[in-house]
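Asks: In case you want the letters, here they are:
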Amino acid sequence: MADHWITQSKAAADAHELKRPVLKNCIKAFLVGGIICTIGQLVTLLLMLYFPFTEQTAGNPTVAIMVFFSMLLTGFGLYHKLGQFAGAGSAVPVTGFGNAVVSAAIEHRSEGLVLGVGGNIFKLAGSVIVFGVISAFIIALIKTVLFQLGVI
Amino acid sequence: MKTWHFPSLPSIISASVAAGPFEKKSPYADHFDTFFEDLYMEEKSFEKAQRKLLETSVQGTLQKAGMSGQQVDCMIAGDLINQITPSNIAARTLGIPYLGVFSACASSMEGLALAGALVHGGYSEAMLTGVSSHNAATEKQFRYPTEYGGQKPPTAQWTVTAAGSVLVTGNTVDALAHIEKATIGRVQDINVTDPFNMGAAMSLAAADTIERHFIQSGESARDYDLIITGDLAEIGHAAVKDILNKKQIHLSADQFLDCGKMIYQGLDEVQAGGSGPACSAAMVYGYFLKLLKEGVVNRVLVIATGALLSPLTFQQKETIPCIAHAVSLIKPQKVGG
Amino acid sequence: MKKMMLIAISILYLTGCAAFEQTGPVHVKIHDGENGTVKEVAQRIEDTKELYDSVVVAADSTLVVSYKVKHMNRFQMKSIEKKMKRWLTEKYPEKEIVLSSDYKIFMELYAFSDKWNTGELNEQEAMKEIEKIIKLKKEMT
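Protein chains in written order, with the UniProt record's numbering: chain H, 1 to 152; chain R, 1 to 337; chain C, 1 to 141.
Check the hints yourself; a few may be wrong.
Claimed, not checked - To give a feel for the contact side, a few chain R residues facing chain H, derived at Cβ under 8 Å:
1) K44
2) K140
3) P153
4) P154
5) T155
6) I190
7) N197
8) A207
9) A239
10) I243
As the list claims (entries may be wrong) - Computed cross-link-like contacts, DSSO-like style, restricted to lysine-lysine with a CA-CA straight-line distance of at most 27 Å:
11) K123/H - K48/R
12) K49/C - K82/C
13) K83/C - K143/H
14) K25/R - K293/R
15) K24/H - K2/C
16) K95/C - K29/C
17) K3/C - K70/C
18) K246/R - K19/H
19) K123/H - K140/R
20) K29/C - K132/C
21) K82/C - K143/H
22) K10/H - K317/R
23) K44/R - K123/H
24) K81/H - K24/R
25) K137/C - K143/H
26) K247/R - K10/H
27) K95/C - K49/C
28) K29/C - K91/C
29) K28/H - K3/C
30) K143/H - K85/C
31) K44/R - K25/R
32) K24/H - K3/C
33) K132/C - K115/C
34) K135/C - K95/C
35) K2/C - K81/H
36) K78/C - K143/H
37) K290/R - K25/R
Honestly, the hints are just simulated from the structure, not real lab data. Glycine included, each C-beta is placed from N, C-alpha and C at the ideal position.
Whole structure, please, built from the sequences with the hints as guidance.
Replies: Encoded structure:
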């Protein structure tokens, strides 16, 4: 009898569930992500025009500058509004990484500098770093093996 | 299983609600007593701010009743943060004997039911009961806030930043309302694992408590002017109605209300509605008690619902167990009248 | 808010266009006798339909070539460069060949050619400039 009501209730709850508007979210993410990347491109261009950076070398400073932008936006409390609107569009570019680091640091400031900020700053970004390093290692391994075998 | 009856009709003699900046935009903001302009409330952390909310609310309640902390026998309080520390520390400041309770968002009605029982049983003459919640502190405790760049689904709920408290004493006509009956809930689990969809998870718990309250007290939906759920919000509230329909309990739309849906009516950024123990506390202690006092409604049944999850359990993929406590309130009257 | 967005987007759009419009082709020979080389290389770039706009700088020891790749062909950039490099090394085995599709190198070469054509530089200074550009091109990070 109890099981009966569990399934009944689950069905009733599911019937009223609001699905995530996936298509709408995708479009918003595409537009906002695209705009963020265009701004990044602009930064690259400015670096090339006014500083001795080539397309090859402008990448790293561009990333640094974009992260800096998102840190400012996070600090002023604007980035989460963008995050709720754009979802993946603002989370996937490197600005999302900057946001994750800074917001965690701000949130845990009340627990002190060492245990709070230091311990929690990579609460979210930590997994990005870990899996980034691991996947880079695996890809490099595959490439090396293929090179040695003479496939590439 | 029994519903608790309080024939001596313990009285709620005063109530006070303190709320945060966002709640000022609520259509029911007029019924809240104190507001803070900033989420930090001049404190160093959100947790400290939450404690301040509860302290402010309790002091407001005492002031309205013209009583001091010494005259109160015991305070029952609860909240959502780590081992209910905001309540614990507020109790330290207030210096009132204290019982900490936890039923997540159902703590408000758990406290009220216990206060009613202790006063009716003659163990206590004046009981304080209150709950608090703070949006930022709760987000930090339970979920990844949107500040981290995540996107909330439309089923997500917005934790209310507020604290509400009431003072319960023996029967007096000069009351806001009387506590008449209380039904303590059973923990129910319908295998929802998504903490962003708590309304759905809590639906069976609420429906079960309502059904049991009616059966055990021999009443029906017609005996109540209003049946108010705590923080089910859009999805959960609609689901409860469906479940009750299947159980042959039919509630009309203007009789069956939800604090979570009401408190942020017309505010877009909250997704499905409000949540948190203070959601039901703010609406019931702030708004519905006034309706009872003014005689606009005669009897209401308040069902506060709580999702008993912890950050650990949902990361370990446990389903969310839920509970609901019901308390029926009646407008001021003499015993037997 | 909407107005600001519109302005921001149009600025981005315009800057994007300005950066990739055609400015060349420009051919520079540092030493006499490289006339033929410059012409041959320029012709070859002209014939490659994925490319537009080029700067060719030829000295007796080095040959610096920069070009822009048409937007839709940017995915084939690597293979185009490989083909070009092979052709150049076979044709001019005695020269150091520097080949780049990098926009920065293009700009630097273009600025260099301007200076050279107005006669600001003598032969030695020109070779130094070229060395500098080659060094910039070889930087990886």
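Asks: Taking the hints in turn, state whether each one holds.
Replies: Results for each hint:
1. K44: Because about 6 Å separates K44/R from the closest Cβ in chain H, which is inside the 8 Å limit, the hint holds.
2. K140: The hint holds - K140/R has a Cβ within 8 Å of chain H, the shortest such distance being about 6 Å.
3. P153: With Cβ-Cβ at 5 Å, under 8 Å, it holds.
4. P154: holds, 4 Å
5. T155: holds, 5 Å
6. I190: Holds, because the Cβ-Cβ distance from I190/R to chain H comes to roughly 5 Å (cut-off 8 Å).
7. N197: holds, 7 Å
8. A207: Holds, because the Cβ-Cβ distance from A207/R to chain H comes to roughly 7 Å (cut-off 8 Å).
9. A239: For A239/R, the interface hint holds, since the closest Cβ of chain H sits about 4 Å away, which is under 8 Å.
10. I243: holds, 5 Å
11. K123/H - K48/R: Judged against 27 Å, a Cα distance of about 22 Å means the pair holds.
12. K49/C - K82/C: holds, 15 Å
13. K83/C - K143/H: The given pair, whose Cα atoms are some 23 Å apart, holds under the 27 Å limit.
14. K25/R - K293/R: holds, 25 Å
15. K24/H - K2/C: holds, 19 Å
16. K95/C - K29/C: holds, 14 Å
17. K3/C - K70/C: violated, 32 Å
18. K246/R - K19/H: Holds - the C-alpha atoms of K19/H and K246/R are around 24 Å apart, at most 27 Å.
19. K123/H - K140/R: Cα-Cα ~12 Å, so holds.
20. K29/C - K132/C: holds, 17 Å
21. K82/C - K143/H: Cα-Cα ~20 Å, so holds.
22. K10/H - K317/R: holds, 17 Å
23. K44/R - K123/H: holds, 21 Å
24. K81/H - K24/R: Distance of about 20 Å is within 27 Å: holds.
25. K137/C - K143/H: holds, 25 Å
26. K247/R - K10/H: holds, 15 Å
27. K95/C - K49/C: With Cα atoms ~25 Å apart, K95/C and K49/C stay inside 27 Å; holds.
28. K29/C - K91/C: holds, 17 Å
29. K28/H - K3/C: Distance ~18 Å between K28/H and K3/C Cα, so the pair holds.
30. K143/H - K85/C: Measuring from Cα to Cα gives roughly 24 Å; hence the hint holds.
31. K44/R - K25/R: holds, 24 Å
32. K24/H - K3/C: holds, 22 Å
33. K132/C - K115/C: At roughly 15 Å apart (the allowed maximum being 27 Å), K115/C and K132/C satisfy the hint.
34. K135/C - K95/C: holds, 16 Å
35. K2/C - K81/H: holds, 16 Å
36. K78/C - K143/H: holds, 18 Å
37. K290/R - K25/R: holds, 20 Å
Of the numbered hints given earlier, the model fails hint 17 alone.
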